[in-house]
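Number of protein chains: 2
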Amino acid sequence: MQLKVLLVAGTHGNEINGIWLFEQWEKSPFLINTHGIKTYKVIGNPEAKKAGKRYIHNDLNRSFKEESFLSFNSSNFEEKRANELVKIYGISGQNPCKIALDFHTTTASMGSCLVVYGRRGADLALAALIQNKLGLPIYLHESDEKQTGFLVEAWPCGLVVEIGPVGQGVLNSKIILQTKLILENLLEQIQKVNNLNLLFPDKLTIHRHIKSIDFPRDEEGNIDGYVHSLRQSKDWQPLKKNDELFYKLNGETIRLEEDEPYIPVFINEAAYMEKNIAMSFTKRELWIFKQEWQQSLIDLIMIN
Amino acid sequence: MQLKVLLVAGTHGNEINGIWLFEQWEKSPFLINTHGIKTYKVIGNPEAKKAGKRYIHNDLNRSFKEESFLSFNSSNFEEKRANELVKIYGISGQNPCKIALDFHTTTASMGSCLVVYGRRGADLALAALIQNKLGLPIYLHESDEKQTGFLVEAWPCGLVVEIGPVGQGVLNSKIILQTKLILENLLEQIQKVNNLNLLFPDKLTIHRHIKSIDFPRDEEGNIDGYVHSLRQSKDWQPLKKNDELFYKLNGETIRLEEDEPYIPVFINEAAYMEKNIAMSFTKRELWIFKQEWQQSLIDLIMIN
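As given, the protein sequences belong to chains G and V, one line each in that order.
Residues 1 to 304 in my numbering are what the first sequence lists, from first letter to last.
Residues 1 to 304 in my numbering are what the second sequence lists, from first letter to last.
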C-alpha cells in the first residue's frame with residue numbers, strides 16, 4: 001500500500017487560515033512541497049465553515065468516538081461527518097491514509113505547537129522529528145476524560161498542529177506561513193522515514209497535560225472573573241505558587257494555590273469557554289526517546 | 001425631561017467584553033460610576049449572543065433604517081430588534097433617551113477610539129470632550145452608501161466606542177478595563193454638560209473616512225491574498241505611495257498606488273470580510289471646534 005497522508009484544515013469551521021491555505025494550494029498545485037508524499041487534503045467541517053462557526057451540532061474534533069461510528073444515520077452533522085471521513089480516508093477506507101495531520105488555530109498565544117493524544121509510539125516519533133527540526137513544543141493531551149474523540153485518534157498515527165494567537169475568522173499572514181512551514185516539514189520528515197533516511201533524536205521535551213481549570217463563576221454558574229492581565233498571553237511560561245490567574249471586578253485576585261511548577265497552555269482560548277476551560281496546566285518533562293516509537297512509525301509507514 | 005442615556009453592549013453578539021461588563025454591573029450596581037446620570041443598559045442582540053454569532057439574520061448595527069422601521073412584522077430578527085429598541089429607548093419611546101452610547105470591539109489593532117456617523121454637532125461636541133480628556137482618536141464615518149443604518153443614528157446624539165484588538169468571543173482584561181474607563185468618562189462629561197460645568201476644546205482631530213478597500217480576489221471572487229505582514233496591526237499609521245497592502249502566495253505584493261497620505265483603520269476586522277472590506281482609509285484633519293456643536297449638545301441635554 002502506497003503511503004497516503006490525510007491533511008485536514010477547518011475541523012473547526014471558524015479556524016480559517018488552514019482552509020484558505022488549502023484553497024490556494026488547490027488552485028496552485030506546486031504551492032506546497034509535498035516531498036513526493038501522496039496527500040489528500042480536506043476541509044474537516046465545510047458546513048461549519050459556511051456558517052462561520054466552530055461546529056453545527058457538536059465539536060467535530062470530539063466526535064470521533066465509537067458511539068458516533070455506531071450511529072451512522074445520526075441527524076447530528078458532526079457525527080455523520082466523522083463517519084464519512086473515516087469511511088473515505090480511514091485506514092480501512094476507500095483512500096486509506098496511515099497518517100492524519102490536523103491543522104488548527106487558537107486565540108491563545110501558543111505560537112506553534114504539536115498536540116499528541118495519548119502515548120502512541122508513532123505519534124511521539126513523528127512529533128520528536130518535528131521538534132528536533134523546528135523546535136516546536138509538544139503538548140501531550142492525556143488523562144482527560146471530559147475531552148475525547150479527537151480526529152487524529154481515528155488514524156494509526158496523527159498529530160494536531162496548533163498555531164496562535166489569531167482571532168476566529170481572521171486571516172493572518174504569520175499563521176498562514178507557519179501552517180505552510182510546518183505542513184511541509186511534516187511531509188519532509190515522513191518522506192525521510194519512508195526512505196529510511198534519518199536519525200531520530202535521543203530525547204524530546206513533552207508538556208504533559210495535568211488538568212484544566214475553569215473561570216471563576218458565581219453561584220448561578222456565570223463567569224465572574226477574567227484571565228488576569230499578568231497571565232494573558234503567557235502560554236508556556238512556568239507558574240509558581242501565588243501567581244495571579246484571574247481577576248474579578250470586585251478587586252479579588254485568584255491565585256495559584258498549589259506549589260507545583262505548572263506550565264499553562266491554551267490560556268483564554270475562546271472556544272474552550274463553553275467547555276469550562278480557562279487554561280490547561282502541563283508539566284514539562286524531558287523524555288528519553290524510545291527505540292520502539294521509531295520502530296512503530298517505521299513499521300506503519302513501510303509495511304504494506 | 002430628565003436626561004437619560006442608553007448604553008448598549010453586544011450590538012454584535014460575539015463582542016462579549018461589553019456584555020460581560022454590563023452583566024457584572026447588573027450584579028454590583030456600584031461597579032460603574034454613572035456620575036448621577038440615569039442610564040439604561042441593554043444587550044443589543046441577545047439572541048446573537050446566545051448563538052455566539054455577530055447576528056442572526058442581518059447585522060443589527062446596519063438595521064436602524066427607515067425600511068426596517070416600516071416592517072414591524074418582519075421575520076428578520078434584527079429588524080424587529082431595531083424597532084423594539086427604538087420603541088422602548090428612542091427619543092419618543094417609553095423610556096426616552098437623548099443619547100446612545102454603543103460599545104463595540106474589533107479584531108483590528110485599533111486601541112480605543114470613538115466613531116461618529118456624519119457630522120451631527122452634538123456627536124462631534126461629545127467626541128471632542130472625550131478626545132480632550134482621554135486622547136482617543138475619532139473616526140468620522142461618512143460618505144459610505146454601502147454602510148448605513150447604524151444604531152446610534154437613531155438617537156439625537158450617539159457615539160460608538162471601538163476597542164481592539166480582541167478576537168471574537170474572547171474575554172480580555174485590557175478590553176474590559178478600557179470599556180469601563182471610557183464609559184465612565186463619557187458619563188462624567190455628559191454630567192458636566194448637564195451642570196454647564198466645562199470648557200469645550202478649541203480643536204479636535206478627526207480621521208475622516210475616505211473609502212474602504214477589499215481583499216484581492218480571483219476571477220471567481222474568492223479572496224486570494226491576505227493583509228501584508230507589514231500592514232497587519234498598523235492601524236492609524238500613515239501610508240505612503242507603494243506601501244505594502246496585501247500579499248499573495250504566488251509572491252505578488254499589492255501596494256498602495258495612490259499618492260495620498262491615507263491612514264488605515266479597521267485593518268483585518270474579521271466581521272468585515274463578508275462586507276468586502278479589508279481595511280478603510282481615512283485622512284487626518286485638524287478641525288476648529290464650532291460653537292454651534294457645543295450649543296447643539298447643550299440644547300439637547302438641557303432643554304426638556
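Be aware that one or more of the hints could be misleading.
Copies of the same chain look alike in the list, so a pair counts if it fits in one copy or across any two.
Below, a list of computed lysine-lysine pairs in the DSS-like style, where the Cα atoms sit at most 30 Å apart [what the hints assert, rightly or not]:
1) Lys240 / Lys53
2) Lys248 / Lys50
3) Lys50 / Lys290
4) Lys41 / Lys275
5) Lys65 / Lys211
6) Lys234 / Lys65
7) Lys180 / Lys290
8) Lys133 / Lys241
9) Lys283 / Lys41
10) Lys87 / Lys174
11) Lys65 / Lys174
12) Lys211 / Lys41
13) Lys180 / Lys203
Please keep in mind that the hints were generated in silico from the structure rather than gathered at the bench.
Problem - Hint check against the structure, violated hint numbers in rising order - result: 1, 3, 6, 8, 9, 10, 11, 12
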